[in-house]
Structure formats: C-alpha cells, structure tokens
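Undergrad: Sequence:
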Amino acid sequence: MHCHQDLVSCLSCGIILAGLWHLVYHKKSQCSYGRYMALSPPARTVPARLAWFFQEMPAFIIPLLLMLATHKTSIMGKHLLLGTFCAHYFQRTFVYSLLMRGKPFPLGVMVPAGFFCSLNGFLQGHYLLHCAWFDDEWLTGYRYKIGLLLFYTGMGINIHSDFILRNLRKPKEVIYKIPTGGLFEYVSGANYLGEIVEWFGYAVATWSFPALSFALFTLCFIGPRAYYHHRFYQEKFKDYPKFRKALIPFIF
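Going letter by letter, the sequence shown gives residues 1 to 252 in this note's numbering.
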C-alpha cells in the first residue's frame with residue numbers, strides 16, 4: 001500500500017473541523033450521554049459496556065489489520081503505532097469498557113463514535129505505516145522521548161482517574177459523590193486531562209499532522225465536558241472545593 005498524502009491531509013483537516021464544530025455546539029451535544037442524558041432521553045440505548053466496547057474496538061483493530069495487509073511498513077512507525085495508539089485503544093476496548101458501570105448509552109452517539117474511531121484508526125495507522133519517515137536518530141531525539149513521556153504520563157493519569165471514578169459508588173448506588181485523590185484534588189476533569197495529555201504526547205512523539213489533528217479534536221471534544229462536569233459539581237455540592245479548576249490545574 002502506498003502513502004495517499006492527499007487523503008491523509010483531507011482527513012486530518014476534517015478531524016480538526018469536526019472538533020471545532022463540536023466546540024461551537026457543545027452546549028447542545030454535551031447532554032447526549034452520561035449524567036446529562038436525563039435532560040434529553042434518547043429513544044434507543046445500548047448497555048454501556050457493549051457500547052464502549054464496540055465503538056472503541058475499530059480504533060484498535062483497523063491499525064492491526066493495516067499492519068497485516070503489507071510487510072512493507074515503517075518499522076519505527078509500526079512500533080509507535082503499537083506502543084501508543086493501539087496501547088490506548090486496547091485499554092479502552094478490553095479493560096475500561098468491561099469494568100465500567102455506566103448508564104445505557106444512546107445508539108445515536110455510539111454509531112457516530114464507532115465511525116469516528118474507524119476513520120481515525122485508519123488515518124493514524126496508514127500515516128505511521130506508509131507515510132511517516134523516521135531516521136535512525138529518531139529514537140534518541142528529544143521529540144520522541146518527550147512525546148512518549150507525555151503520552152504514558154497522560155495514560156497513567158487517565159487510568160488512575162477512571163479507577164477513582166469507578167470506585168466512588170458501591171454497586172447499585174445511584175447518588176453522585178465528589179471524586180478525591182490524584183489530580184481530582186486539582187481539577188474536576190482529571191480523566192479528561194489525562195487523555196488530552198496522552199494525545200498531545202502522541203503528536204509530539206510522531207511529529208505528524210494526523211496526530212496533531214486528533215489531539216486538537218480530543219481537546220475540543222472532551223474539554224467542554226470537563227467544564228460541564230465542574231459546573232455540575234459546583235451546583236450540586238455546596239462544599240465543593242473552591243480552589244479546584246475544571247481542566248487545567250490552577251488555571252481553568
């Protein structure tokens with residue numbers, strides 16, 4: 001398979017535009033799932049574990065299929081793809097989705113999310129395997145090292161924050177509680193902050209436009225959700241910590 005640079009550029013620009021569109025219209029779209037779903041209950045839902053499993057899986061499977069489709073791939077690109085992008089989506093597909101205890105997920109959200117994961121999985125996989133060029137000194141370069149440090153730091157924050165949220169309530173409890181511990185001591189959206197750091201680290205490590213487009217999309221997509229979570233906690237709990245920010249410690 002050859003590199004289709006024009007397709008890569010178009011898809012990358014499309015992802016950025018989709019993120020900006022969501023940022024502009026997030027006041028409406030943030031109510032589509034989770035704790036805000038009661039504001040506009042959907043007609044059709046899917047059990048949360050199944051929904052997250054099926055919508056996240058394409059981003060893990062498609063890059064692997066691209067690697068199997070041809071042997072003429074970038075070795076460094078292959079290692080980066082497996083060590084970052086696929087590592088994240090393996091955790092999201094086979095660990096996070098099977099451990100979560102969430103409300104039923106709207107079918108109208110799951111299907112577009114699955115489509116996006118499919119498209120993005122193809123974009124990131126195709127670029128790193130067939131378009132990216134890494135010289136022999138890439139492994140020792142500062143971009144690679146800093147990028148991986150950011151990625152795995154963000155991934156650790158994301159997984160730890162999800163663990164805290166998952167264990168806030170006992171089984172069958174439906175009340176909301178204030179998350180504490182880890183970066184939740186500083187921000188309401190610690191899990192979102194971790195994921196944003198992940199993908200900007202991925203963008204630095206790969207130094208690619210497709211990776212940057214996905215990082216920007218992630219910021220535009222889940223950044224507003226962190227803000228609404230923060231506002232939700234402030235309105236619901238009078239004793240909510242005053243110094244805690246929404247997404248960025250000490251700033252916002």
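Treat the hints as calculated values from the structure; they're not laboratory data. Values in this document were obtained by computation on a predicted structure and should not be read as measured data. Mixed in with the good hints there might be a few duds.
To be verified - Keeping only pairs whose Cα atoms sit at most 30 Å apart, straight-line, the calculated DSBU-like set for lysine-lysine is:
1. Lys145 - Lys78
2. Lys170 - Lys78
3. Lys238 - Lys177
4. Lys236 - Lys172
Unchecked claim - Derived CB-CB ranges, DEER-like:
5. Leu23 - Ile146: 36 to 46 Å
6. Glu137 - Gly181: 35 to 45 Å
7. Phe163 - Pro47: 16 to 26 Å
8. Gln234 - Cys3: 41 to 51 Å
9. Phe243 - Leu50: 16 to 26 Å
By construction, the Cβ of each residue, glycine as well, lies at the ideal position given by its N, Cα and C atoms.
Undergrad: For every hint, state whether the structure bears it out.
TA: Hint by hint, here is what the structure shows:
no. : hint                        : verdict
1   : Lys145 - Lys78              : 17 Å, holds
2   : Lys170 - Lys78              : 41 Å, violated
3   : Lys238 - Lys177             : 12 Å, holds
4   : Lys236 - Lys172             : 20 Å, holds
5   : Leu23 - Ile146: 36 to 46 Å  : 26 Å, violated
6   : Glu137 - Gly181: 35 to 45 Å : 41 Å, holds
7   : Phe163 - Pro47: 16 to 26 Å  : 21 Å, holds
8   : Gln234 - Cys3: 41 to 51 Å   : 48 Å, holds
9   : Phe243 - Leu50: 16 to 26 Å  : 39 Å, violated
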